[in-house]
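A.B. asks: So you can see what is in the structure, the chains are spelled out below.
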Amino acid sequence: MSALTTTPGGRGGSSDARDLKRRWLGTDRRHNLTGWAFLLPAALLIVLVSFVPMIQAFILSLQTGRGTRLEFADPLWYNYQRLLGDEIFKQTLGNTLIYLVIQVPIMLILAMVLANLLNNPNLRFKAFWRTAIFLPCAVSLVSYSLVFRTMFANDGFVNDVLTTFGGQPVNWLGEADTARFVLILGLLWRWTGYNMIFFLAGLQNIDRSTLEAARVDGANALQVFWRVTVPQLRPIILLTAIMSTNGTLQLFDESWALTRGGPAYASMSVSHYLYEVSFQRNPNFGYGAALAYVILILVAVLAFIQMKVGDKRG
Amino acid sequence: MAKRLRGLPGYLVLGIWTVFSLFPLYFMAVSATNSSQDVLASRLIPGTELFTNIAALFAAQDVARAMGSSFAIAAGTTVLALLVCSVAGYGFEVYHSKGKDVLMGVLLLAMMIPFAATMIPLFQVFAKLGLVNSLVAVIVPSVSTPLLILLFRQSSRSFPSEILEAARMDGLNELSIFARIYVPTMRATFAAAGVITFMMAWNNYLWPRVILIKNEVQTMPMLIVNLSAGYVTDYGVLMLAVLLASLPTVVVFLVLQRSFANGITGAIK
Amino acid sequence: MKRMTKVATAVAMTLPLALIMSGCTSDTGPSEADDNTLTVWAWDPNFNIYALQEAEKIYQQDHPDFKLDIVETPWDDLQTKLTTLAQSQETSELPDIFLMQNNAFQKNVINYPDLFSDFSDSSVDYSQFPQAVADYSTIDGVNYGIPFDSGTAVQALRTDVLTEAGYTVADFTDITWDDFVTKAKDVLAKTGKPLLSGQAGSSDMIMMMLQSAGASLFDADGTPTIADNDALEAAIDTYIELVDAGIFIEVNSWDEYIGTFVNGSVAGTIQGVWIVGSIQTAADQSGKWAITDLPKLDGVSGATNYSANGGSSWAVSSNANVELAQDFLASTFAGSTALYDTILPKSGAVANWTPAGASDVYAQPSEFFGGQPIFADVVAFGADVPSNNTGAYYYEARDAVSAAITKIIGGADAKEALAEAQSTVEFAMG
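Protein chains in written order, with numbering that gives the first Met the number 0: chain Z, 0 to 313; chain C, 0 to 268; chain L, 0 to 429.
Since the hints were made in silico from the structure, they are not lab data.
Backbone N, C-alpha and C define an ideal beta-carbon position, used for all residues, glycine too.
Treat the hints with care, as some may be off.
[To be verified] Computed Cβ-Cβ distance ranges for the label pairs, DEER-style:
1. R68(Z) <-> D124(L): 30 to 40 Å
2. P63(L) <-> E86(Z): 58 to 68 Å
3. F22(C) <-> N119(Z): 23 to 33 Å
4. Q305(Z) <-> F426(L): 45 to 55 Å
5. T353(L) <-> F22(C): 49 to 59 Å
6. K89(Z) <-> A418(L): 13 to 23 Å
[As the list claims (entries may be wrong)] Chain L is faced by these chain Z residues, among others (derived, beta-carbon under 8 Å):
7. Y77
8. A152
9. F156
10. P282
Let's have the full structure, built from the sequences with the hints guiding it.
C.D. replies: Now the structure itself:
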């Protein structure tokens, strides 16, 4: 049973841990500073290219006006208040949450399963499967949206197949529910391979001996997966969960290029609406910034919860 | 015999997903050989227009320059990002402290705001630095990303600490440990990070299209949008352009994928 | 393998660095040291950019040192760039001239006057442009643009399909929508082909009908007139009738729309004249098309058979070499019949500039359109197109009307849906 509970890196016995701890504490401060030095360049860059603009965006969200004629709103949170009465915003928020709840879990589970399958030493044609599943990511947005739109056109391939098998053609992109379905399908198609890569890399870092030990102990494939692989994959699962949540809540590309937010805002994401408000309609940057902050707060809250639940060290 | 049957459900799942993944790509490839009219009719059989489309594409757009531009941006971003973020992720995990956890959380915030909102302030920064229209301006914002830092941090969780201790006892300094021991061990993570970064940098569209103003530095995604921005779109040519644009990422993937190949164990012997 | 990765890494590191360095130094500033070069931002190499290149040649006849630096920029990118530059107040990065969609012109001038130079001191004679078109780029009586490509709407029909049903193009000329519906139903019954198609949820068709009656979504003061708009209601009623009768096929994307007539499932379309280029990609349909004017709305005062959709105009930026730019534009796009003669056959770019329309080239028969001199006809239509109030909130209004149309098709009450659309626009304006 020790194989099933072993921690990564083989840090098994508790006495070893205490030894290590003692040695760590001795040079702890110097190492701590070294650590800070290591992460300084990255952190500084992010402050410059992300935090500075973010602060400016926040200030913007407190202002109203069109174009460059901006002044502070009265009351300051006017834009945020306005959001509550914006029907389109509510629709897009609902759409985005639907995508989050449905697409992310399916995609992550699929990616994990596929990665696990690909990690099997007995699997043939590994390189082929890997490449085939990754390829959708490599394709640019413009093209795959065109292909999907053509495939799901009223007289397109999918309807052709449906009618051949005796079904009725579906107005895929013309109805709210099916339009969202096509968008979710597009997201799955494009991003499963992407997440699979993270899991593949993560699986590489798992000690094979833990899996062998479990198998020797009599566990079948599913049990090995569930009780040995998954716990060790936890850090990567947390990573992909945070990233996917972030990516889906900020969804823009597919709403913009695949369904164009149609029909009548039924599949539009909040990010897409933000872009419209800022760049396509009469520019209302203050309002757009407020929208951005709503997204940020949503993502941050969810990420925080995920970190609290899933971020266990060692 | 039993062993082969046992693998069957796995092959089935892989097979179905592969068909799903590849079919739209097949359609794209076939479309590149068809005329615009046929593409709109969803023709699934290869046509004879490949060379016509190639000629039309190269006559209409400066494909070579756009590929070069995109490659410079993608390669530059990838190399710098791997460098900067791996070091940071390592720092966060191996020298773990409560303070660093907090900082990680704060840095994560940076990726949570939609780009459309920060685009204009960011543009102002680069305009003030006189870097409008330069490849540097395209690369810099993508070098340090919370995603990569988090990836390296999380992956470092499986980096065994005894190795660290052993190396320290051998007298290696911290930087050497990173370069000589961490990097080779975490090859899979570097490869994954490399592929991801290259792909994102290559397909990046929102920022380059704002900061790049001259034809000479146009990227492939911008070129593709040019093709569909006119009154008449030649869909065959468009698909061909997309195919060409997808090739470099695929090549990078093919080169690096063996590093996440099975057989190389994570445990360091 | 290890050595290869080392070498590869080395190359990968030096190559981009070298390219970056070269990128750094080769960035010539926006202020051209060369006083004889103009930078232009425009899209579409087959149409706008081609026209620019020909204009350059013509201007070079009298100004041999003149050069045009054309940067291909899709409209969407162009709008984003303009907005970004204006909001971050970096107008020094603007080109000398840029092309702008007519529908977006007023919005940009009203919000970002700092981007533009007006044409008050130029030599352009605006009486040589149809009022409706020049109005797009006129704000408070000041001209900010030179109209270029015509968005004049046409009704394009497949003559062979009409013949099969016993009709000719004359039967569809100068008619009313009621008349159209009757005849189109007949064509559908006899040949199985609908005569029109368009994107579901797009308000193009309705906007064209609206403009044909001289009505708009905003009044002269900029107040939305979506609810209680008789012409709009008439247009929507007609549209619903068309869709219900199967005469107008709704599809879900632009490419699908193009596909419908290119692949022959639909036997006609009503759109800006620029659609002609797409129609002509169906080489096997050559000689089987003809053009005529639009049907007019019944029971609406001020209804005409003419309308427009789209089109664009040239603007001169605030950062420009204004004199040179305006002289260039005035001598070519607002002054050279030779230019329009050259570009017409190859690109189908129909002039708004009235003198151009009088030339022989415009009267040339078009083989694809059965020998009809379509361009001369279109220029004649263009003269009679009623004006349209766009204002700063045009896109909001169009989107709201599109959403309303989708709801009405889905069964909602027209008056309610339009009232909702009006309040959506008022919210957006608030």
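A.B. asks: For each hint, tell me whether it holds in the structure or not.
C.D. replies: Tested hints:
1. The hint said 30 to 40 Å for the Cβ distance between R68(Z) and D124(L), and at roughly 34 Å that hint holds.
2. For P63(L) paired with E86(Z), a C-beta distance near 60 Å keeps the hint of 58 to 68 Å intact.
3. With their beta carbons about 25 Å apart, F22(C) and N119(Z) fall inside the hinted range of 23 to 33 Å.
4. The hinted range of 45 to 55 Å is not satisfied by Q305(Z) and F426(L), whose Cβ atoms lie roughly 35 Å apart.
5. Distance hint check: the CB atoms of T353(L) and F22(C) are about 53 Å apart, consistent with the given range 49 to 59 Å.
6. As the Cβ distance of K89(Z) to A418(L) is approximately 19 Å, the hint placing it in 13 to 23 Å holds.
7. Checking Y77(Z) against chain L by beta carbon gives a least distance of about 10 Å; that is not within 8 Å, so the hint is violated.
8. Because the beta carbon of A152(Z) sits about 5 Å from the nearest beta carbon in chain L, less than 8 Å, this interface hint is met.
9. Residue-level restraint check for F156(Z) is violated (minimum Cβ-Cβ distance to chain L is 13 Å; threshold 8 Å).
10. Interface hint status for P282(Z): upheld, as the beta-carbon distance to the closest one in chain L is roughly 6 Å, under 8 Å.
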